[in-house]
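Turn these sequences into a full structure, and let the hints steer you where they fit.
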Amino acid sequence: MKNIFTCLILLNLFPVVIQAQGISGVVRDHEEKAMEYVMVSLLKSKDSTIIKMEMTNEKGAYQFKQLPAGDYMIKGTNLGYQPVFTSVFNWNNMDLKIPDLKFSKTKGIQLNGVEVIYNKPLVEASGDKTIVHVEGTVNAIGQDAIELLRKSPGVMVDKDDNIVFSGKTGVQIYIDGRVMPLTGKDLSDYLRTIQSSQIENIELISNPSAKYEAAGNAGIINIRLKKNKNFGMNGTFNAGYNIGTYGKYNTGLSWNYRDKKFNFFTTYNYNHSLNIGHFNLYRIQLDTLFDQKSENLFKNNPHSIKAGADYFISKFSTLGVLINATFATFEVNNNSNTPIEYIPTHMVNRILVAENTTGAKRNNANVNFNYKYSDNKGHDFNMDADYGQYRISTNQYQPNYYYNAQQTELLNSVIYSMNAPTDIDIFSLKGDYEFNFLNGKLGLGGKWSNVHTDNDFRRYNVYTSEKSLDSLRSNQFIYDEQIQAGYLNFNKPFKDGSFQLGLRMENTYSEGNSKGLRPGNQRYDSLNVRQYFNLFPNVAFNFKPDKNNQYSISIGRRIDRPSYQSLNPFEFKLDEYTSQKGNTLLRPQYTNTIALTHVYKNKLTTKLSYSKVHDVFTQIVDTINRSAAFITQKNIASNDVIGLNISLPVQYKNYGAFINLNNFYTHYYANFGNGRIVDIDAFTVSLFAQQNLKLKHGVTLEISGMFNSPSVAQGTFKMQSIYGIDLGVQKTVLEGKGNIKMSITDIFQSQRFRGTSNFAGQYLHFYFASETRQLRLNFSYRFGNNQVKAARQRRSGTEDENKRVSGQGGVIGNN
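Per numbering that gives the first Met the number 0, the sequence shown starts with residue 0, numbered consecutively.
Because the hints were derived from the structure by calculation, they are not lab data.
None of the values given here were measured: they were computed from a predicted structure.
Just so you know, not all the hints are guaranteed correct.
What the hints assert, rightly or not - Straight line, CA to CA, 30 Å or less: simulated DSS-like cross-link-like pairs of lysine-lysine:
id: 1; residue 1: K292; residue 2: K633
id: 2; residue 1: K633; residue 2: K64
id: 3; residue 1: K210; residue 2: K376
id: 4; residue 1: K51; residue 2: K602
Structural data, given as structure tokens:
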């Protein structure tokens, strides 16, 4: 690794003098002023096929390189202007300066008094990426990121907020190109702090290149937040109110200032929500039936802050700092009533009444220092140094009262109290370098990361007003992990297509130690030292034989390491008969994927894929003794996923729509011995559709819907079908600076989760419902100068290892 970073620094100081000849030019307006951020397209002269697309820089300049010889023309497009074209010219591998491309004075096109305005499509699909444009959609208002993902094409989110993409659960969640440092309930809780008003679009990337972390067998979901896009000073204020059973509100403020040398930006958001959920669990184990009915009240109060600054050292170099912090408190009150029946007599012999209270804090701060060098000769160098700190604590009070069948007499009680603080520290250093090579683009880079987690679990037995530490069921688990990685990635265009070859190398070292003692003076399970080295190849070919058809094929290999808490051997009591614990024997899972994609007329996209997952880990409900069960993760031998995805955007005048049909077959198999066999499959159809209609006076109507047929969740649960329909309207006010939106979500209250499992001698059937039908109102207002440029996008180094910070101390936040 030391040699890799030395090479990166030397390459930055002494750029490689291998340059491809190209086509360049400048875009100007009617006053001869340079126009920045204009989309410039290079077209084939014979059929107007788009060969490449570029954006002009702050001087209005653009450049195309790595091209085959031929006859071309250039098209310029800019919001509010009619497109402009150059005449046809011939290029034969020599530097060519194109005459200035000039836009006329007239903005827009007037037809019978109606101005034609550019409508951004709701969803854009290509061979390797689908982009969901959230900004401007009505049915996104008042929602959070987890709910938006639930409605995104090809994405499924179950009742426990586990995210499934392309039929697989191993998906990486990025925010502005940075992997989220959370998994499990911590991830879903954090995504609930991100309001839809903050989100510009969601990128669904099914085939990441070798430059990205190898983790994530399902690919990457990148949530891009809104950025100010002009020079000077400006900002945005938003506020919203939702009501289902209870009221909820959110507010946020963003501010940005930029001059020639500095750029400062900050964002603050607050959300208060109170949600009620209903959970029923019908469980048969041997000769006993448990019929649990629960009601939980979930209270969430997160504050999130993002701040940063960029210093422009020169026109090629930028130095920056970025700080992200979230301070959140959660409280869950769960009341359950469980009649316990002896099946041979069909008689209820006792009733368990539990009134659990869980309080939690999730505080985290991430600091990123970054440097970027990018010149006009094709050299790009990025360096990131990161530190992430997570302080997570969970406190639970769990009284269990046993009554007779008539619930008139208290038979006995068992009361627990649990405290589970966790400290996680993550350090990371990474570098990326790209340059022109052999008429293509060669990229190389490396990364080093170190993770230290300290998990302290204390369980207390409560007697009247006193409590005593149960030392035999308390434990401290310390986990350390280091990953060293390096990659090479080469892209090269050729006539009518392009190809990409990549190879990523990752070396992992991990160790976990338990400090507590179990009954019999035996130490709790520890994680022996593990060290493994892996290669992750990635190949992609794109071919465009004519202007209407584009084909691509991709092959790749990826890894998913267990989340830190999935390895934690703590036994956390959910109730008297159910506990949750990690598994120190959990191994990484590996996925090999091949995909074939066809795009017709840049609209209709069809993708066929096959994935084979080895040692897939999933959450199962296993048994301990005659009546008790525990939830844990185990490696299942294999998982096969065959998928067919079809998507089509439609735009006709003021009407827009997007339809996505995702079909996949999945099969899980494992044999744990003694009749404990997992052999379950399902063919699932997932349909997503969204339509909007723009009316006069700035009014837009929108309707969206989703349907998922029966599927498999967590390897052992057979899920029933689910659907939902949303309806909304929005109107622009205050001369276009303000926007008022109103929507009704899940009109028919149909988003109810139902599923069954039959494993390890027990049968489970569950039902979960929450406040999915809500009336949502939102107001946003843009203020300040219209000429402020966007804050610079950064991807920090704390990526894959950050994502694996998972839920601490049990299940919290099922709302």
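Check the structure against each numbered hint from earlier and tell me which ones fail, lowest number first. Those not satisfied come down to hint 2.
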